[in-house]
Every structure is written in structure tokens, then in C-alpha cells.
Amino acid sequence: DAGITQSPRHKVTETGTPVTLRCHQTENHRYMYWYRQDPGHGLRLIHYSYGVKDTDKGEVSDGYSVSRSKTEDFLLTLESATSSQTSVYFCALGSGRDVGELFFGEGSRLTVL
Amino acid sequence: SQQGEEDPQALSIQEGENATMNCSYKTSINNLQWYRQNSGRGLVHLILIRSNEREKHSGRLRVTLDTSKKSSSLLITASRAADTASYFCARGSGNTPLVFGKGTRLSVIA
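So the sequences go chain by chain: A and P.
Our numbering applies: residue -16 is where the first sequence begins, and numbers increase by one.
Our numbering applies: residue 355 is where the second sequence begins, and numbers increase by one.
Treat the hints with care, since some could be wrong.
Unchecked claim - To be clear about the criterion: a stretch of chain A counts as covered by chain P if any three or more of its residues have a C-beta under 8 angstroms from a C-beta of chain P, and this derived list gives those stretches:
| no. | region |
| --- | --- |
| 1 | 15 to 23 |
| 2 | 26 to 40 |
| 3 | 57 to 68 |
No lab work stands behind these hints: they were computed from the structure.
Only a predicted model underlies this, so the values are computations on that prediction, with no experimental measurement involved.
Virtual Cβ for every residue (Gly too), placed ideally from N, Cα, C.
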């Protein structure tokens, strides 16, 4: 276990409401990632961080923002949730952009009604 | 999309048989990784093979990489019911985050 915790694990919300998902690590990994997983699409990268206050966009970043104010926490925010953002969201930790393995959290299932 | 493609999408075998999953990709890589995901859980790293390697083993897992064909395969020998899961390949291309394929769902029937 790489010491990674996602919260909340399950959330149901209404269209148009803001949602924040939290990823917390105890392992001091430099890189943190947010992926979404949808049937037929596999895992797609939303945003990632390579250090405190250093973030970059992934393949499907529209409608999402992130923040990393300290090493341990990487927040994913949906400013105004839409039904297309219903998904399972995974946080992952890594030591480099693509070097070595990623350690995944257990996922956060979000349903937007 | 930059995603690789796993083949087949789904595979059902009897316990004790071997399971082979394939992964194709389009751009150059410096490593390729395989992950496993049990239902309702996060992904777990299985094995990493670098672009200058052709084959790698880990227990009952054997991974091959053919960079000329831009493909990799994952072989699980003597499958067990506990191997039932989804398997994903992910390619590393140097300065960009890992790109995952869509996965192969493996069912091992006891």
C-alpha cells in the first residue's frame, strides 16, 4: 500500500453544483495524477502535478481544475458538475513523469444527476 | 487518441489454461507497463519492460515487447480464478505521463 487515500469514496450530486475530490498521500511522491475511468474509454488523464503549485493538463482537462498547496494533497475540483462528469476518479502517485510504476488509490465514484 | 489498444477486449478461460493479452501502440516509447484492476478497486502495477528489453518475467507473468511492431503481450501461465480482473497496458514516452489502454477483461472459470 503506497499510503494514498481518496475522499469521498462515493458522492452523488446535482448538475451545476461544485464538487471537490481529495487525494492524500503519506509517501512524499513528487508526482500526483488524476485519471477518470469510463466504460469503453479506459483511463484518461485529467490533470497532474509535478510539485507544490506545479500542475499541468491532461487529455480531458476541460471542466476540471486542480490545486496542490502542499506535497501531501492534490485536489480535483469540478466547478459546475455536469452529467458527463459521472465517472470513477482515480488518483495516482509516481516518482517521475513516466519512469517507474504508479500507485493508485481506490477510486472515487461520482454520480451527477 | 494516444491510447494504445488491448486485444482482446474480453477473454474467458478455464483455470489452469494460459491467458495471453496484447497491447498495440502508435508512437515511440521508452517503457511499457502492465497493470491489473480487480473489480471496484484501484490499479496495481504488475511489470515494467523498457524499450531496449524484449522479454521479462515475474512469477507466472511473462511480458514481451516488439518495438518494431509497436506491440507487447502479457502471458499469464496456469491461470487461477483469482487472476480474474481487468488488465491494462500503459506506455511511457519520456517526458509525458503514462497513457493507458482500454483494458482486457479476463475471466478465469474454476
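Results of checking the hints against the structure:
For the region 15 to 23 of chain A, the stated coverage by chain P holds: 3 residues have a C-beta nearer than 8 angstroms to a C-beta of that chain, and at least 3 were required. Using a Cβ-Cβ cut-off of 8 angstroms, 4 residues of the region 26 to 40 of chain A lie near chain P, which meets the minimum of three, so the contact claim holds. Coverage of a stretch by a chain is defined here by at least three residues with a beta carbon nearer than 8 angstroms to that chain's beta carbons; for the region 57 to 68 of chain A and chain P the count is 0, and the condition is violated.
When held up to the earlier numbered hints, the structure conflicts with hint 3 and nothing else.
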